[in-house]
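Enquirer: Listed here are the chains, written in short residue letters.
4 protein chains.
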Amino acid sequence: MKNSAILLVQCRDQKGLDAAIADFIYRHNGNILHFEQHQSSDDSFYFARVEWDLTDFQLLLSDFSAKFNPIAEKFGMSWRVALATYRPRVAILVSKYDHCLVDLLYRQRIGELKCEIPLIISNHPDAQRHADFHAIPYHIIPVTKENKREAEQRQRELFDHHKIDLIVLARYMQILSPEFISLYPQQIINIHHSFLPAFVGAKPHLQAYERGVKLIGATAHYVTEVLDDGPIIEQGVARISHRDALEDLVEKGRDLEKLVLSRAVRWHIENRILLHGNRTVIFE
Amino acid sequence: MKNSAILLVQCRDQKGLDAAIADFIYRHNGNILHFEQHQSSDDSFYFARVEWDLTDFQLLLSDFSAKFNPIAEKFGMSWRVALATYRPRVAILVSKYDHCLVDLLYRQRIGELKCEIPLIISNHPDAQRHADFHAIPYHIIPVTKENKREAEQRQRELFDHHKIDLIVLARYMQILSPEFISLYPQQIINIHHSFLPAFVGAKPHLQAYERGVKLIGATAHYVTEVLDDGPIIEQGVARISHRDALEDLVEKGRDLEKLVLSRAVRWHIENRILLHGNRTVIFE
Amino acid sequence: MKNSAILLVQCRDQKGLDAAIADFIYRHNGNILHFEQHQSSDDSFYFARVEWDLTDFQLLLSDFSAKFNPIAEKFGMSWRVALATYRPRVAILVSKYDHCLVDLLYRQRIGELKCEIPLIISNHPDAQRHADFHAIPYHIIPVTKENKREAEQRQRELFDHHKIDLIVLARYMQILSPEFISLYPQQIINIHHSFLPAFVGAKPHLQAYERGVKLIGATAHYVTEVLDDGPIIEQGVARISHRDALEDLVEKGRDLEKLVLSRAVRWHIENRILLHGNRTVIFE
Amino acid sequence: MKNSAILLVQCRDQKGLDAAIADFIYRHNGNILHFEQHQSSDDSFYFARVEWDLTDFQLLLSDFSAKFNPIAEKFGMSWRVALATYRPRVAILVSKYDHCLVDLLYRQRIGELKCEIPLIISNHPDAQRHADFHAIPYHIIPVTKENKREAEQRQRELFDHHKIDLIVLARYMQILSPEFISLYPQQIINIHHSFLPAFVGAKPHLQAYERGVKLIGATAHYVTEVLDDGPIIEQGVARISHRDALEDLVEKGRDLEKLVLSRAVRWHIENRILLHGNRTVIFE
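Chains as they are written, first to last, in our numbering: chain A, 668 to 951; chain B, 668 to 951; chain C, 668 to 951; chain D, 668 to 951.
You can take every hint at face value.
Copies of the same chain look alike in the list, so a pair counts if it works inside one copy or between any two.
Quick list of in silico lysine-lysine cross-link-like pairs, DSBU-like style, CA-CA up to 30 Å: (1) K781 - K870; (2) K763 - K781; (3) K830 - K781; (4) K781 - K734; (5) K763 - K870; (6) K919 - K781; (7) K682 - K781.
No lab work stands behind these hints, which were simulated from the structure alone.
Let the sequences and hints guide you as you build the complete structure.
Expert: And the structure:
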């Protein structure tokens, strides 16, 4: 595991931003490993992701804020710093379709997703065996129209208790309440089984089938209060034809959803995603 | 050029369809080159495209109908037969963006699109030089809200005069009237610069840019009375990221549109497309 | 599960093939579900895959051969018939990298791969837990230069005992002897982690990395006596760039290998693959 | 046209590189538009591409070298600076297949390729009309085994006379001599109609067809003394199947070659390509 730190910055674009950041790290004897920046041409906003080797770095992360603040204030930056060695704590929610869950668990097991998965929550018992195979606690929290409030309350208690950093809806089919969503800004990633903004809501495969599209898609996005409308993180498509019946779309969709969701989760875990309004800037 | 004929058939699915068609051609000493069929699982409809070598075929195409009708009636078939040597007469309509036009003209010139292009119509003079380079008559028919009726009248006269089989809207930005469209069922192909049904109507690239999608698309479809809603023939996508400004979407879109539209035109010319409700069955 | 049968045919191209086959099925009251055929233009060979509904079919499969033989002999056909309900018995061989194995097991479990997996063989113990999770017997057969003969002997005994129809080398890194291979013509599918014929043999990712390609690939193919040279069934690619170190190629390669191998296995299981010299004809 | 400058740097990786470069531009009142860097993990080499707005920049480009040299020497940098407003002078060489030539001319005409095309050279007269259409001088220089030396001599004179910066072999089928190649390091881009390193040399489509690959490719690369072995700039693939005869591979190949070559030429023109041994680092 790289002993590095990641600084994420956004602010209005101004002269000297790259120099100020690079110089700050250099002056404290850091060796920059990656420096990626972007300026949005339409509204002159600046985004940067800098990763540097902490070996020989003269600043303790506990002192970073105090030392970096003058620069941050000078430029009006929003910023945060993270340790590459920190393994984000990820809760996975799943309903009946377990393909995304199984895929995420495998990737975490082999070290591709550098995170902890302290728990899995489901409104069904079906996926229990996958949780058991990976020795991860599995919580069955059924959801109905009447108990929604209590169900979400239970989920939030679990997230608090396990100090969850990221909630992944891995084909979790319940709609979250606005109150719940507002507690976790840019902390809930959902996989929607269509190429957004086409086919929002329920039964996107059936909608796609009836429209006669030649490509189906999957979209991973942050969850916001408007259904299927949050910032898009990643998308993918696969070809279909008249030979594909509805169940073939579902099947081809599975492979897409696994790829798209795992990429999105990975980029989030690796501190590669910045928000620009309702869009994402991703430093891959 | 292959000396072959193509039979397209659709009807309710029944036993013996493949045998009846194959046997008919064999009995008249035809050698089948390609036999493609499909049965839709949801509504039990049958589609077939059969291409056979006319060398030694004992039936004149003028007698084909009389001889084939008994079979057609027995099974309740909709059908048509076409000669591979027949070069469909294609009119291309274009506005200011000429990339699709230039691409189609090149492909026709090198023999990839086996059709005639008797005329090009535009509401602007910009593309005249491409028409001149290919020695194709270029008709400038400006369109305004007031003269729409007359403009379409003039277009229809040109189509009649030149015995046009197919009308290709190659980034032709005027909206056709329902009356016009109704005269040419499954004879007008449009290229829309988005991945339908996402971003219908005007400025799809701007819509895509604002939504923050990670893929942009292009869609070739038959024009029906509802804007951007007709049966989809072909679609393609290209990756974009935060680094792509609006003009980059337009640019990447160009390459997509050329590929997607030319494939759609080609399949239509080669008698490979059948309609199934608002969807297409394409025997590539 | 569809109650259908599949007939695969190949022979020299002649008039009347489609009619003869379709008519044969129709005369015995079969309803054809799919009819796909192909004639190779360079050497005039004919290939067909016909699938028909056995409901009401008047021929017992045990009588099929006797009744179909006259047609087969008349045209000089190689042919075989299979039941869609028959679940091929697949043995999976794996070494240390278990991603393909895990992927195949999942797909078989959810019904995507309609086959039986009676056993898994490995030269390492690492993948035992996956076999246990799916309650499949796991046989550890270490392979060294000295014991190769005995190891293969043991494998063959297991294949015979379990009546294995297909052997899948799911990142099984041992090279099979020519004698072993010759016992299983068109019955061994391997996944090679490159885009063949580029980077044959060992360390294809390192070779790819050093060549500086911009795409890496994976290839599923039938195993023949020449290493990595057998008929290609399926291939896929993924983009890489200078930012991808060797381990990134390995990682991106995993996703490719899973997709490519599972498609190849599926098409084989579904009787969709015919051999044409050292190439494949695949009726998807 | 952006009034910007581009600095390209490569050297051994060391602390303070990003800071030194960013600070240099900032100190001279430059506003950095893009800063992209990369460190190769295997051999610790550093690469950077920095683009900054020249508005308000206090250094004349004629003084840049003197002022930047101390930094360059301190770090042992290889570097060069270029003006975004400078339009590289590109010579295109073509044989009989003109699809890449036509594609490049169109892109240059509409402003996508920001370069000058002072001349086109061919060993055939076929493409003359495209040159005439774009009012570009067309030089027919036939090449035989006997006159190769003189032909290349004539080409070099034309390159010198027109101050050519880049030579594009747009399906130019003559093999260049090592002497010729050595005069233009990283200045000759070729499009090879296969996915290198597969199918080098002659008739790659036929080789691909015989191998039975399921994807064909195209590769744009810098020309070095070993045929088809130079640093790869860009690659693309397209799907093929048993239904594709050799001429279909050629046809699908055309669309690939146009896309791949135009991207490579564009990145070179925009100073986005750095060499790392026999590989390329491309800051897209």
